[in-house]
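10 protein chains.
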Amino acid sequence: MLYIVEMDVNIPETWNEDKLNDYIVREKETSQKWQKSGKWVYLWRVAGQYSNVSVLDVESPDELHTIISSLPLFPYMKIKVKSLCKHPNAVREAMI
Amino acid sequence: MLYIVEMDVNIPETWNEDKLNDYIVREKETSQKWQKSGKWVYLWRVAGQYSNVSVLDVESPDELHTIISSLPLFPYMKIKVKSLCKHPNAVREAMI
Amino acid sequence: MLYIVEMDVNIPETWNEDKLNDYIVREKETSQKWQKSGKWVYLWRVAGQYSNVSVLDVESPDELHTIISSLPLFPYMKIKVKSLCKHPNAVREAMI
Amino acid sequence: MLYIVEMDVNIPETWNEDKLNDYIVREKETSQKWQKSGKWVYLWRVAGQYSNVSVLDVESPDELHTIISSLPLFPYMKIKVKSLCKHPNAVREAMI
Amino acid sequence: MLYIVEMDVNIPETWNEDKLNDYIVREKETSQKWQKSGKWVYLWRVAGQYSNVSVLDVESPDELHTIISSLPLFPYMKIKVKSLCKHPNAVREAMI
Amino acid sequence: MLYIVEMDVNIPETWNEDKLNDYIVREKETSQKWQKSGKWVYLWRVAGQYSNVSVLDVESPDELHTIISSLPLFPYMKIKVKSLCKHPNAVREAMI
Amino acid sequence: MLYIVEMDVNIPETWNEDKLNDYIVREKETSQKWQKSGKWVYLWRVAGQYSNVSVLDVESPDELHTIISSLPLFPYMKIKVKSLCKHPNAVREAMI
Amino acid sequence: MLYIVEMDVNIPETWNEDKLNDYIVREKETSQKWQKSGKWVYLWRVAGQYSNVSVLDVESPDELHTIISSLPLFPYMKIKVKSLCKHPNAVREAMI
Amino acid sequence: MLYIVEMDVNIPETWNEDKLNDYIVREKETSQKWQKSGKWVYLWRVAGQYSNVSVLDVESPDELHTIISSLPLFPYMKIKVKSLCKHPNAVREAMI
Amino acid sequence: MLYIVEMDVNIPETWNEDKLNDYIVREKETSQKWQKSGKWVYLWRVAGQYSNVSVLDVESPDELHTIISSLPLFPYMKIKVKSLCKHPNAVREAMI
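Protein chains in written order, with my numbering: chain A, 1 to 96; chain B, 1 to 96; chain C, 1 to 96; chain D, 1 to 96; chain E, 1 to 96; chain F, 1 to 96; chain G, 1 to 96; chain H, 1 to 96; chain I, 1 to 96; chain J, 1 to 96.
The hints are simulated quantities; they were obtained by calculation from the structure and are not laboratory data. One thing to keep in mind: the hints can contain errors.
The calculated lysine-lysine pairs, modelled on PhoX-like cross-linking and capped at a C-alpha distance of 25 Å, are [what the hints assert, rightly or not]:
(1) LYS80(D) x LYS78(E)
(2) LYS39(D) x LYS86(C)
(3) LYS39(F) x LYS80(F)
(4) LYS33(J) x LYS80(A)
(5) LYS86(B) x LYS80(A)
(6) LYS33(I) x LYS80(I)
(7) LYS28(A) x LYS39(B)
(8) LYS86(C) x LYS33(A)
(9) LYS86(D) x LYS78(C)
(10) LYS28(F) x LYS86(F)
Hey, can you work out the whole structure from these sequences and the hints?
See below:
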């Protein structure tokens with residue numbers, strides 16, 4: 001099942017550069033692990049904003065939550081989630 | 001270049017069923033013509049809502065507008081548009 | 001899988017009483033058919049408002065959409081959908 | 001009487017991991033105490049977000065407030081409360 | 001139990017004066033019947049706006065809904081409801 | 001003249017327990033002083049939220065401001081104020 | 001006592017030109033009657049919008065409501081009201 | 001002096017095609033008259049939406065209002081206006 | 001030219017009383033300097049809120065910005081600005 | 001391709017003056033480098049607010065993001081981006 005997820009990052013102002021860099025490195029590792037698994041299908045940057053839009057193809061809502069909440073920056077992001085289904089006008093057979 | 005577009009449909013309350021059906025048929029034709037062209041890559045329904053989320057891969061902002069504004073229901077939709085670019089953590093080489 | 005759905009009804013002002021009553025009767029029939037199937041688990045009224053909160057237990061996002069969009073008043077409601085999963089602090093084994 | 005409650009958690013950015021873990025442990029204890037009492041009927045996670053949706057069945061608005069405000073993270077949550085009543089289309093005799 | 005209720009009236013633009021006056025007369029009758037019963041304790045106008053703020057003292061959320069939804073203008077109002085309880089700093093013994 | 005005032009408290013996250021308790025004690029004293037004067041007529045807790053709804057009966061807008069701004073937590077609250085007047089449908093002669 | 005009032009006009013789309021002009025003429029008459037009385041002190045247009053900002057100096061909230069609700073377009077405006085008082089930094093002795 | 005103006009068009013649903021086309025023709029004439037005068041400097045379409053963003057260089061707020069309110073669709077648009085001034089980091093000498 | 005400006009003050013929670021008092025003193029001095037110049041015409045407190053509404057009569061948008069941004073609390077306020085012009089129904093010849 | 005970008009600056013309250021000044025200097029350098037390149041066409045201040053409106057003429061969404069995210073204050077700004085295209089009523093041949 002497919003979800004579209006928007007994440008807006010709010011870096012705490014009290015973090016120094018070392019702490020921020022540590023988070024950025026770990027965020028990348030975690031995100032790429034899930035992308036390589038095939039479950040995190042797309043990861044796009046919203047042009048000009050500290051936000052991303054992602055498409056995930058998961059087994060269940062619980063798996064979606066496991067993936068998103070494993071991101072080190074999870075407590076510092078404002079997240080919107082939409083559950084997707086097949087559109088009657090869609091030409092494409094597969095969802096992805 | 002990639003855009004993600006959300007469309008919320010507001011059917012005018014004064015339309016009778018014939019008028020509505022006529023619009024729905026023409027909406028489907030227009031949307032499928034653009035999907036078959038390869039420019040309208042994904043068309044998903046938001047589960048439980050009269051809304052859709054779409055991904056378009058176009059040559060320019062003008063082409064995006066040509067496609068979206070050619071939909072018969074265009075004047076009756078609330079539309080949000082996000083311009084996408086490559087995310088530094090993305091594993092996938094291509095955007096789509 | 002579990003969804004929580006909020007529906008706010010906006011009766012078109014041009015409807016006469018007959019048309020409204022016809023919709024209300026058919027809305028009740030459709031809603032009760034799904035409740036009896038066991039998929040629409042709870043249907044609550046928000047006290048003092050023309051709104052309801054529902055819990056649905058469905059096979060897939062597509063099934064959720066089939067149920068919600070079968071309601072005669074579907075085009076005249078503002079709908080919010082949340083996909084639910086297990087909370088780590090939940091005592092109850094089952095979701096419902 | 002039934003209430004549906006949404007809680008969005010905002011962990012203060014100045015907390016270190018020890019302080020956060022202490023709160024999480026106490027939050028779980030408090031929440032589970034009320035669940036076991038039968039008054040906190042459902043506790044669900046919103047998939048992909050640091051939020052929950054809960055259903056409480058209490059004696060009075062004062063009892064609702066006693067329960068919610070006993071949570072250690074109460075001052076750090078944005079909370080929405082809806083008072084529920086019987087829907088005329090509901091099939092189920094009991095509210096829960 | 002106490003509720004505070006805000007109601008914003010949106011008169012449908014297609015109503016003629018006769019229809020509007022008929023609604024206003026019946027709205028007044030219904031509202032005053034409930035005020036005289038003692039359940040609708042206060043009815044205030046928000047100065048300069050087509051809105052009111054009311055305090056109701058009812059037996060249950062169902063009774064609140066019965067009262068509010070009996071108003072002829074109920075389908076044409078945007079309504080916000082807050083369930084109240086005792087404040088720890090309140091001096092007054094009774095709620096009203 | 002009557003005002004209805006909603007206050008949402010946002011305790012600064014950097015405050016320790018001593019500082020918070022000091023504020024809570026002084027907040028109670030100030031609030032009760034005004035209640036006993038008869039000018040702060042009602043003080044209710046919104047069930048399940050760190051908010052209150054109050055009704056004040058004052059001589060002037062300046063007096064309202066004097067009362068509200070004397071609260072120690074005034075700089076840490078989000079406050080909404082509505083000026084009330086007599087509703088044409090009100091049965092009760094007095095405003096309070 | 002001073003109020004600042006913002007009014008956004010929403011002309012019903014079903015009105016023909018005659019009806020609209022009739023309203024505009026009567027709106028002007030009513031508004032000017034109150035301005036000449038000295039109670040409606042300022043009436044400004046927000047540049048580029050179908051909105052106005054007004055300052056009224058009235059005896060009571062009831063008088064404010066009498067004035068605003070006497071406008072023929074009152075049911076077709078979205079209105080925001082702020083009750084004003086003396087600012088501690090104000091140099092001017094009088095409020096107006 | 002410079003203003004940036006966003007206009008969102010809401011075509012009334014009751015208009016037939018002839019009426020709509022008449023408005024579109026007159027809207028174009030009016031808009032182009034002001035562009036040719038040099039006062040309406042830029043007129044851009046927001047890609048994928050029935051909205052535009054414009055930059056106007058006018059003598060006064062009154063002139064801005066004269067221009068915007070002369071548009072036939074003025075009563076059917078939601079308009080946001082920002083007054084601009086020189087930015088300390090701007091390299092360009094002239095504002096336009 | 002006339003502007004109406006709303007300012008909501010958000011005192012940083014980390015400031016101690018000395019720092020806050022220093023800002024309040026300098027804010028008053030700056031604000032009164034501009035009031036005495038005749039450019040800052042009105043400064044009103046919104047009753048019950050840490051907000052003010054002001055009317056400024058300036059030569060240009062740049063002068064407006066010079067005045068507002070000279071306030072010591074400028075970086076800690078949420079500010080809304082409306083550019084005003086003459087209303088066709090205004091009786092008063094002068095704007096102020 | 002053209003973008004219009006609004007940036008609202010939120011200076012972290014914990015920064016001292018030296019740190020703030022360092023950021024302001026580097027912000028100016030970065031912004032002016034891009035303006036001189038011809039890609040950042042306009043940079044305007046919104047009168048009376050700590051915000052700016054900019055017009056950028058770039059090769060791609062990726063280039064837009066490179067420019068905006070190179071600003072030192074990028075993590076401390078709330079940014080809105082609109083992708084622009086040619087308006088059918090535009091008189092001007094070029095977009096800028």
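Which earlier hints can't be squared with this structure? 4, 7, 10
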